[in-house]
Amino acid sequence: MTMTEIRAPDRAHEGLTYDRVTRIVARTLGNPSRGYYVLLGSAVTLLAIGVICLLYLLRYGLGLAGYSMPTYWAIYITCFVFWVGIAHSGTLISAILFLFRSGWRTAVYRTAEAMTVFAVMTAGLFPLIHIGRQWFFYWLVPYPNQRGLWPNFKSPLVWDEFAIGTYFTVSTLFLIMGLIPDVAAIRDVATGWRKKLYTITGLGWRGTNDQWRHYRPAYLYLAALATPLVLSVHSVVSWDFAMAQVPAWHETLFAPYFVAGAIYSGCAMVITLLVPMRRLFRLDEIVTVHHFENLAKLCLLTGMIVCYAYTTENFVAWYGGPTPERAAFIYRAFGRFWWAGWTMNICNAFLPWLLWFKKVRTNITALFVISFFVNLGMWMERFVIIAVHLTGEPFEPYVRASYNATWADWGIMAGSFGWFFMWFLLFVKNFPAVSVSEVKEELPPPRRAVAGAARHA
Amino acid sequence: MKFPHPLTPILDGPMTPGVLAVFKHLDGTVDAIRELKSTGHRDFTVYSPLARHELEIALAQPVSPVRAFTLVGGIAGCSIGAWIALYMSYDWPIVVGGKTIGSIPPYVVIMFEMTVLFGALTTLLGVLFNILLSVRQRGRIAWDPRFTNDRFGIFVPASGTQVTRVESLLKECGAEEVRHA
Numbered sequence: 001m002t003m004t005e006i007r008a009p010d011r012a013h014e015g016l017t018y019d020r021v022t023r024i025v026a027r028t029l030g031n032p033s034r035g036y037y038v039l040l041g042s043a044v045t046l047l048a049i050g051v052i053c054l055l056y057l058l059r060y061g062l063g064l065a066g067y068s069m070p071t072y073w074a075i076y077i078t079c080f081v082f083w084v085g086i087a088h089s090g091t092l093i094s095a096i097l098f099l100f101r102s103g104w105r106t107a108v109y110r111t112a113e114a115m116t117v118f119a120v121m122t123a124g125l126f127p128l129i130h131i132g133r134q135w136f137f138y139w140l141v142p143y144p145n146q147r148g149l150w151p152n153f154k155s156p157l158v159w160d161e162f163a164i165g166t167y168f169t170v171s172t173l174f175l176i177m178g179l180i181p182d183v184a185a186i187r188d189v190a191t192g193w194r195k196k197l198y199t200i201t202g203l204g205w206r207g208t209n210d211q212w213r214h215y216r217p218a219y220l221y222l223a224a225l226a227t228p229l230v231l232s233v234h235s236v237v238s239w240d241f242a243m244a245q246v247p248a249w250h251e252t253l254f255a256p257y258f259v260a261g262a263i264y265s266g267c268a269m270v271i272t273l274l275v276p277m278r279r280l281f282r283l284d285e286i287v288t289v290h291h292f293e294n295l296a297k298l299c300l301l302t303g304m305i306v307c308y309a310y311t312t313e314n315f316v317a318w319y320g321g322p323t324p325e326r327a328a329f330i331y332r333a334f335g336r337f338w339w340a341g342w343t344m345n346i347c348n349a350f351l352p353w354l355l356w357f358k359k360v361r362t363n364i365t366a367l368f369v370i371s372f373f374v375n376l377g378m379w380m381e382r383f384v385i386i387a388v389h390l391t392g393e394p395f396e397p398y399v400r401a402s403y404n405a406t407w408a409d410w411g412i413m414a415g416s417f418g419w420f421f422m423w424f425l426l427f428v429k430n431f432p433a434v435s436v437s438e439v440k441e442e443l444p445p446p447r448r449a450v451a452g453a454a455r456h457a
Numbered sequence: 001m002k003f004p005h006p007l008t009p010i011l012d013g014p015m016t017p018g019v020l021a022v023f024k025h026l027d028g029t030v031d032a033i034r035e036l037k038s039t040g041h042r043d044f045t046v047y048s049p050l051a052r053h054e055l056e057i058a059l060a061q062p063v064s065p066v067r068a069f070t071l072v073g074g075i076a077g078c079s080i081g082a083w084i085a086l087y088m089s090y091d092w093p094i095v096v097g098g099k100t101i102g103s104i105p106p107y108v109v110i111m112f113e114m115t116v117l118f119g120a121l122t123t124l125l126g127v128l129f130n131i132l133l134s135v136r137q138r139g140r141i142a143w144d145p146r147f148t149n150d151r152f153g154i155f156v157p158a159s160g161t162q163v164t165r166v167e168s169l170l171k172e173c174g175a176e177e178v179r180h181a
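These protein sequence lines map, in sequence, to chains S and G.
Once you know that position 242 of the first sequence is 242 in our numbering, the rest is easy, because the numbers rise by one and skip nothing.
Once you know that position 49 of the second sequence is 49 in our numbering, the rest is easy, because the numbers rise by one and skip nothing.
In case anyone wonders, no lab produced these hints; they're calculated from the structure.
There are no misleading hints in this set.
So the derived label-pair ranges between C-beta atoms look like this:
(1) Phe137/S x Ser134/G: 39 to 45 Å
(2) Glu285/S x Arg165/G: 39 to 45 Å
(3) His53/G x Ile176/S: 21 to 27 Å
(4) Arg34/G x Pro276/S: 45 to 51 Å
(5) Gly13/G x Ser102/S: 39 to 45 Å
(6) Leu125/G x Phe137/S: 25 to 31 Å
(7) Phe100/S x Leu71/G: 21 to 27 Å
(8) Phe137/S x Leu71/G: 33 to 39 Å
(9) Phe357/S x Leu71/G: 44 to 50 Å
(10) Trp83/G x Phe350/S: 46 to 52 Å
(11) Val44/S x Arg34/G: 54 to 60 Å
(12) Leu128/G x Lys358/S: 43 to 49 Å
(13) Glu176/G x Glu285/S: 21 to 27 Å
(14) Pro276/S x His53/G: 33 to 39 Å
Predicted model only: the values in this text are computed from it and were never measured.
We treat Cβ as the ideally placed atom computed from N, Cα and C, and that holds for glycine.
Can you make the complete structure from the sequences, with help from the hints?
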């Protein structure tokens with residue numbers, strides 16, 4: 001008995017046919033509506049604000065950012081970690097759930113994968129902005145300087161560079177691999193210039209047994225490679241902090257805590273993107289409440305892990321030996337940035353408890369609102385870990401300066417959202433935003449026996 | 001001396017004569033594959049808009065060699081990762097953080113990332129290479145745009161008296177359209 005015979009067909013897609021799936025996805029690539037242009041225009045405006053702020057930063061230097069001793073990692077590194085985190089659920093949904101044969105992923109994984117690629121593209125900008133002299137970006141590449149000195153491979157910052165580089169390359173490959181059969185399916189129903197575009201990007205795919213024979217195992221191997229990669233990338237990002245001696249950074253808990261937080265924020269971002277996309281592209285038949293409920297369950301699971309991590313790190317700070325650690329956590333809760341600390345606690349540790357209720361998990365409006373607050377909370381978490389704990393670090397009590405973000409910081413952060421949404425919107429209007437061939441895999445195949453029975457009924 | 005373009009047989013080669021059948025049902029396609037195999041046909045091509053285990057089982061093709069590409073790429077990436085980190089450490093020996101010059105635990109991160117990177121890149125190369133090779137071996141064969149949408153298809157290379165025999169076999173298995181191509 002084959003695996004497909006054992007597995008029950010996905011009830012969420014009852015009544016769909018292969019042709020209907022192709023037509024629904026092809027329809028999303030038609031002429032854009034006014035709503036689409038409004039969204040794209042808003043994204044481009046935000047990007048323009050970011051670009052203007054960046055140009056000022058280039059002209060006047062990093063003094064324009066709100067850095068002051070000892071806070072030299074602030075909004076840019078916060079945004080970097082936030083966007084890398086957003087990227088994580090994409091690979092979780094596309095690779096890990098693929099290995100687990102989770103049928104519901106087929107309807108949402110393309111959105112998540114595209115989100116991953118564009119989020120890593122956004123994240124990658126921030127180390128470049130942060131270094132100040134962007135024209136020397138190639139100093140990050142491992143090659144010796146004028147004195148023949150190589151980079152320090154014991155530094156987590158070098159690990160991070162390798163991790164992010166690999167993650168971007170592999171997630172892009174994974175997205176492109178998944179797109180090939182779907183672009184070919186759209187190519188064969190498209191007309192005009194789009195047909196030409198998909199003829200080139202479909203890479204000559206015809207669905208022959210030879211093509212499927214090599215394609216399927218390759219997709220499986222990519223998923224198998226991407227699975228440990230997901231877990232490693234945010235672990236490496238967490239070690240950027242955990243390897244340092246700053247109180248509230250130097251924690252062994254950081255790797256799983258960061259990975260869970262990343263997937264939590266990523267799933268929330270998938271919900272934030274899918275809700276308007278489903279309405280705009282009329283994808284109700286393919287992306288159903290069942291899919292949103294499963295995404296909410298993922299949010300619930302990872303949210304509970306985040307809640308546990310918060311409890312543990314507060315407990316260890318209280319119960320453990322070092323007084324600087326305790327001082328850092330008191331500063332987080334009652335210091336100058338108490339509002340950031342409590343926003344993070346409420347949005348990430350308390351809000352996911354609502355998802356225990358099925359009524360909330362199946363209410364798309366409620367999920368959209370919750371996903372927005374989860375994203376806010378997760379951004380705030382990175383801000384607290386990075387900027388707040390650096391500002392409040394008790395090693396240099398003679399430093400009385402406080403950290404204040406400037407308009408350049410906020411402008412560049414807004415620009416990053418514009419950059420991300422612009423690429424995402426352009427992608428979903430030009431390439432299939434839902435997997436055509438994999439959604440078909442979840443439908444019962446057309447069989448003669450079934451057709452005969454229906455005729456005689 | 002002018003070398004032939006490697007893609008010429010795929011893009012501009014002569015069409016292989018044969019019979020193309022369009023199927024609406026998966027079980028009909030599977031029956032046709034079994035019938036064709038039992039009558040000695042080996043070099044036919046099956047088109048499908050999606051991957052189905054039923055087709056894989058009926059075709060019983062050998063395992064794809066792509067896995068060898070992934071394995072070699074992964075091992076090469078791991079070795080290159082170890083080599084760059086160790087070579088660069090010993091090329092200018094400097095003690096950092098009180099660790100030995102060639103300290104393996106931090107380099108495991110680099111080795112792991114390079115394993116995944118090279119493994120993924122060679123997997124892609126493996127797919128492209130193997131698919132192009134198989135397309136080149138088959139030459140140009142008939143196809144229908146419906147095969148990426150909602151129809152299954154079988155192309156059987158045939159000529160002369162074979163054509164009518166293959167056509168009737170495919171029709172018996174439930175092909176909704178059979179044409180000589």
